[in-house]
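*Asks:* One-letter residues, chain by chain:
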Amino acid sequence: MPPAISATCAGNLWLTRLSDFEGKTSKHYSISDEGLQDLPDCRQVIARNSFQPVGAYSKFTPAVGQSHTELGKRPGASKLANTSHFGRLAGTAIVVLGVAGAFLYLGGWFSPQKLTPARFVDEFERVNGRYPGFRRNHAKGVCVKGFFESNGQGARLSKAVVFRTGRVPVIGRFSLGGGDPRASDELSTVRGLGLQFSLSGGEEWRTAMINLPVFPFKDPQAFYDNLVASEPDRNTHQPDPAKMAAFLANNPETARALAIIKTHAPSSGFDNSTFYGLHAFRFVDADGMWTPVRWTLAPVQPDEAASANGTSQDKNFLFDALIMSILQHPLQWHLIITVGQPGDPTNDATVPWPEGREQVDVGTLTLDSVESEETSPARDINFDPLVLPAGISPSDDPLLSARSAVFSQSFTRRAGEKKLPSAVTPSEVPK
Amino acid sequence: MSIGVATEQRQFTPLMRLFHWLTAALVLTILGIGVAMVASLADYHRLVSIHRPLGILILIVVVIRFVNRHYSTLPPFPATMSPRERSVASASELFLYALLVVQPLVGWGMLSAASYPITLYGSTHLFPILPHNVMLYAVLRRAHTVLAYLLFLAFLAHFGAVLFHTWVVRDGTFSRMAPWRVRAP
Chain A
0 MPPAISATCA
10 GNLWLTRLSD
20 FEGKTSKHYS
30 ISDEGLQDLP
40 DCRQVIARNS
50 FQPVGAYSKF
60 TPAVGQSHTE
70 LGKRPGASKL
80 ANTSHFGRLA
90 GTAIVVLGVA
100 GAFLYLGGWF
110 SPQKLTPARF
120 VDEFERVNGR
130 YPGFRRNHAK
140 GVCVKGFFES
150 NGQGARLSKA
160 VVFRTGRVPV
170 IGRFSLGGGD
180 PRASDELSTV
190 RGLGLQFSLS
200 GGEEWRTAMI
210 NLPVFPFKDP
220 QAFYDNLVAS
230 EPDRNTHQPD
240 PAKMAAFLAN
250 NPETARALAI
260 IKTHAPSSGF
270 DNSTFYGLHA
280 FRFVDADGMW
290 TPVRWTLAPV
300 QPDEAASANG
310 TSQDKNFLFD
320 ALIMSILQHP
330 LQWHLIITVG
340 QPGDPTNDAT
350 VPWPEGREQV
360 DVGTLTLDSV
370 ESEETSPARD
380 INFDPLVLPA
390 GISPSDDPLL
400 SARSAVFSQS
410 FTRRAGEKKL
420 PSAVTPSEVP
430 K
Chain B
0 MSIGVATEQR
10 QFTPLMRLFH
20 WLTAALVLTI
30 LGIGVAMVAS
40 LADYHRLVSI
50 HRPLGILILI
60 VVVIRFVNRH
70 YSTLPPFPAT
80 MSPRERSVAS
90 ASELFLYALL
100 VVQPLVGWGM
110 LSAASYPITL
120 YGSTHLFPIL
130 PHNVMLYAVL
140 RRAHTVLAYL
150 LFLAFLAHFG
160 AVLFHTWVVR
170 DGTFSRMAPW
180 RVRAP
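Those protein sequences? They're chains A and B, same order as listed.
Under numbering that gives the first Met the number 0, think of the first position of the first sequence as 0, with each following residue one higher.
Under numbering that gives the first Met the number 0, think of the first position of the second sequence as 0, with each following residue one higher.
Be aware that a few hints might be false.
What the hints assert, rightly or not - Incomplete in silico selection of chain B near chain A, CB under 10 Å:
1) W20
2) A24
3) L27
4) V34
5) V47
6) Y70
7) G121
8) F126
9) A156
10) F163
Don't read these hints as lab results, they were simulated from the structure.
Each residue gets a CB set at the ideal place from its N, CA and C atoms; glycine is no exception.
Isolated chain A, as found in the complex (with noise of 0.2 Å):
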């Protein structure tokens, strides 16, 4: 670089030509800037780099003398222009600094408190302990095959394929809470069914339903807070009592939602339990009216009390139970929908319907085989319970999307680790 170049005509020019300018070949460029060409230093730089381009691109180049010429019109500009040059140089940093802040703010760069999807399966990791390949919640598991069967009763609600007279394939999978997929069966766990419906056209309805009437946490924060709540201690590695009474007393709902679940006695095993898919949703019928409902599935199988079964079992035994029905003959329940009424909350799950709202048995669930994990689809799809077809919408229940993204992400990170076998096997059961 030559000596006499002062430092603002360097710098200038490396903004357009760093590497011409150092290099030997110095003959790439027409210089038709008039802001660059304000600057005396320069002029000599330009003149000995200067370059006339051939062709059609010449046409719009201006002579470089003719911009000389130009420049000439505004005599000692030299340092306002210097001044403005930098001025917008800086501006295009701005502008372009603003649109990647504004980017990363959108994805929540800048506010480290927010609870995003994968914050809430990290605190899912930290209360459950992290087993790879396996869902970060209701991680035991076993899965299932068989139909629906609508009796068309639900048509006149909703205009799901799946409510027309017929049959449809489903596929599903009953687990257990909690994120140890090798736990030991509790008749106090929740139990989990979720379920897909391949609808005719290619459409599906997932849904997750859980053995619970009413869901403990209104909302997805109440639901982080408790589990942070229930974070083991590092010492007793048991949950703080004290921190639990802290959010029981924060969330007055959620004491009011387990007093409600302790009037259901768990069942005795899976297959005759009632599920319960909490939330409300919107059924959509042919006209486009929408009615608030919520679902249930009903068993048909007996209930029986579930201390019959005595406590001292095998640590599969509820699935192991489930199996050896399922062997014997096909699983059935009915589909349920409750049909709410103006003012019926749709946005709070710890909240029942008051009794007497009208109920449609829409048609039979009917699970006739039964696989384990390793063998199953089923452990490889998410039961999102925001996969719903045209027909059935969303309410306005905050958990639903919560729950959506928190699966969503709880299955990306299953879905790129290593798959183990489950604990949960057919072949281990008699048949």
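Following the hints, position chain B against chain A.
*Replies:* Below, chain B without anything else, positioned relative to chain A:
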């Protein structure tokens, strides 16, 4: 200078400019939705429901746009650009085109590999383009994020370069693609 040069030659054709600004609006929207939805609980579902059909729309628009570009006359580069800058600009344009085609396909493929229904609107949905394979899903899901940030960086470079040429070099680069008609000076 420039006397007798038709306006059309200084600018991209009106159709090309329409496609450009349509793509710009769609891509900025989908990038914003994408980065926001993965960090959101309350709006996740609503945003994903927009993100999916928007991605497919971009795929369609970009393919049509690329074909249209093939049959259109491009205006010359500003004279201020060296041959090297011109090849960098052309390569970055191709890179953007490639990203805009690959990214929706990765999204579509990843939903296929996860066995999600690829719902566009109501009961309208797309067929899967890959078999159900969650390991494949995991790779494509990661790729979708990496490509999204690459796309955003490529947009920033493109945007920054045009701003630089227009504000600092002041060579009228923006007017080549301006949504309005720019007459020769």
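*Asks:* Going through the earlier hints one by one, which of them does the structure break, listed in rising order?
*Replies:* Hint check: 1, 2 and 6 fail, others pass.
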